[in-house]
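Peer 1: One letter stands for each residue in the lines below.
2 protein chains.
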Amino acid sequence: MNKNAFRTLSYGVYLCTTWDEGRPTGCVANSAMQITSAPATIAVSVNRLNYTNEKIADTGYFSVCVLAEDSDPLLIGKFGFSSGKDTDKFDGVPYAVRGKLPVPDDCCAWISCKVVDRMETSTHTVFLGEVIDADTARGGKPMTYAYYHEVVKGATAKNAPTYIAEPEPRKGEYVCDVCGYTFEGDPATLPDDWKCPVCGKGKEHLKKR
Amino acid sequence: MNKNAFRTLSYGVYLCTTWDEGRPTGCVANSAMQITSAPATIAVSVNRLNYTNEKIADTGYFSVCVLAEDSDPLLIGKFGFSSGKDTDKFDGVPYAVRGKLPVPDDCCAWISCKVVDRMETSTHTVFLGEVIDADTARGGKPMTYAYYHEVVKGATAKNAPTYIAEPEPRKGEYVCDVCGYTFEGDPATLPDDWKCPVCGKGKEHLKKR
Numbered sequence: 001m002n003k004n005a006f007r008t009l010s011y012g013v014y015l016c017t018t019w020d021e022g023r024p025t026g027c028v029a030n031s032a033m034q035i036t037s038a039p040a041t042i043a044v045s046v047n048r049l050n051y052t053n054e055k056i057a058d059t060g061y062f063s064v065c066v067l068a069e070d071s072d073p074l075l076i077g078k079f080g081f082s083s084g085k086d087t088d089k090f091d092g093v094p095y096a097v098r099g100k101l102p103v104p105d106d107c108c109a110w111i112s113c114k115v116v117d118r119m120e121t122s123t124h125t126v127f128l129g130e131v132i133d134a135d136t137a138r139g140g141k142p143m144t145y146a147y148y149h150e151v152v153k154g155a156t157a158k159n160a161p162t163y164i165a166e167p168e169p170r171k172g173e174y175v176c177d178v179c180g181y182t183f184e185g186d187p188a189t190l191p192d193d194w195k196c197p198v199c200g201k202g203k204e205h206l207k208k209r
Numbered sequence: 001m002n003k004n005a006f007r008t009l010s011y012g013v014y015l016c017t018t019w020d021e022g023r024p025t026g027c028v029a030n031s032a033m034q035i036t037s038a039p040a041t042i043a044v045s046v047n048r049l050n051y052t053n054e055k056i057a058d059t060g061y062f063s064v065c066v067l068a069e070d071s072d073p074l075l076i077g078k079f080g081f082s083s084g085k086d087t088d089k090f091d092g093v094p095y096a097v098r099g100k101l102p103v104p105d106d107c108c109a110w111i112s113c114k115v116v117d118r119m120e121t122s123t124h125t126v127f128l129g130e131v132i133d134a135d136t137a138r139g140g141k142p143m144t145y146a147y148y149h150e151v152v153k154g155a156t157a158k159n160a161p162t163y164i165a166e167p168e169p170r171k172g173e174y175v176c177d178v179c180g181y182t183f184e185g186d187p188a189t190l191p192d193d194w195k196c197p198v199c200g201k202g203k204e205h206l207k208k209r
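So the protein sequences, as listed, match chains A and B.
Counted from 1, the first sequence has number 188 at position 188 by the working numbering; the numbering is strictly sequential.
Counted from 1, the second sequence has number 198 at position 198 by the working numbering; the numbering is strictly sequential.
Treat the hints with care, since some could be wrong.
[Said to hold, decoys possible] Straight line, CA to CA, 20 Å or less: simulated SDA-like cross-link-like pairs of lysine to any residue:
#1 A:141 to B:208
#2 A:3 to B:153
#3 A:141 to B:147
#4 B:114 to A:123
#5 A:153 to A:202
#6 B:153 to B:205
#7 B:203 to B:159
#8 B:114 to A:125
#9 A:3 to B:97
#10 A:114 to B:3
#11 A:100 to B:2
#12 B:208 to B:159
#13 B:158 to A:36
Treat the hints as calculated values from the structure; they're not laboratory data.
The shape of chain A in the complex, shown without the other chains (with noise of 0.2 Å):
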């Protein structure tokens, strides 16, 4: 089996949201897509693993929140890159509440949705969700996932479904040890409060490898 194979199928980037009682939180997901047209649903799968699993089963509700090309990758780093348990995945975020959800002004398009059924597997849960509200946001192009790799340099969480050990970093290259983004380059030239653009850690975390 070439696990290479899996890395052609197509994925967006989204920021999968729901409530942790009255507060709210989130995590990064790429698999989501409609299954249905009418009523509209949409599956979404998310890593047991993941905090956010445990409020949407609890809520009964979670928005699928679209990333555009040049939404802030911060909110990748913070939303896939730490645990909503004890981060507070909104803190510094713009959001409002759009179809019962919280919703990152940062986005392209948001998908608010009732859980109506679900399937577990070995690691994820697909949520199966009606569309309760759904609206494009402050527009721009949507992320694919092969953008965030290829453009924003970014990695993948191990609890994402897409996980694969990472190839090798060429020679000269530097990774974030925190979120795995890739820089080019030499650390030093950087300035004293460089910040990763994905996960804003500072550039003691670039570990040549």
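Let chain A serve as the given structure and place chain B on it in line with the hints.
Peer 2: This is chain B only, laid out in the frame that chain A set:
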């Protein structure tokens, strides 16, 4: 609810294949996603009106064959705009049996699966398949659904979960009444043996709207 939000979800373009009593058959799918990484599982959504749905249920096997940007768009017309019930989808399509399933040669990767679970919705079945074998094939960049719409200028079949009544074509546009392909220009200037690049039908199917 603004259904344009649904168009911001990112998809690929796949041929979902299976067997019909020893005869290869299949349909176009755009909603496929990896669900777990170990063991690897893939979910694909197929309309119950599609003959392929019945055959996947009968055999318990399907393959997700990934189309490349330069795959012949006639494959989409052939697999997406006719039924395997009364058509031989593989007629004239070079293919090989890979991981027990029929895989057209003109794909950039394939993922063959055994059905391990399913979720029924009002119109579609979400099949969950454990990957039995997968490989990259002839290479090429995977076709995204956005590329299919913007570059190939193809339309969406009515059985697709992502189907939304298309916006009215602009003045002077012609639309293929078989597959929805949009032609800009005057069909009178086309040679008599012109064939629609998506479904292969003649220019008599181009209708001004």
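Peer 1: Look at each hint and say if it fits the structure.
Peer 2: Structure-based check of all given hints:
1. A:141 to B:208: violated, 30 Å
2. A:3 to B:153: violated, 31 Å
3. A:141 to B:147: Within the cut-off at roughly 13 Å; holds.
4. B:114 to A:123: Measuring from Cα to Cα gives roughly 18 Å; hence the hint holds.
5. A:153 to A:202: holds, 17 Å
6. B:153 to B:205: holds, 16 Å
7. B:203 to B:159: Not OK: residue 203 (chain B) and residue 159 (chain B) at ~24 Å, beyond 20 Å, violated.
8. B:114 to A:125: Holds - the C-alpha atoms of residue 125 (chain A) and residue 114 (chain B) are around 19 Å apart, at most 20 Å.
9. A:3 to B:97: holds, 18 Å
10. A:114 to B:3: Holds, at about 16 Å.
11. A:100 to B:2: holds, 15 Å
12. B:208 to B:159: violated, 24 Å
13. B:158 to A:36: holds, 11 Å
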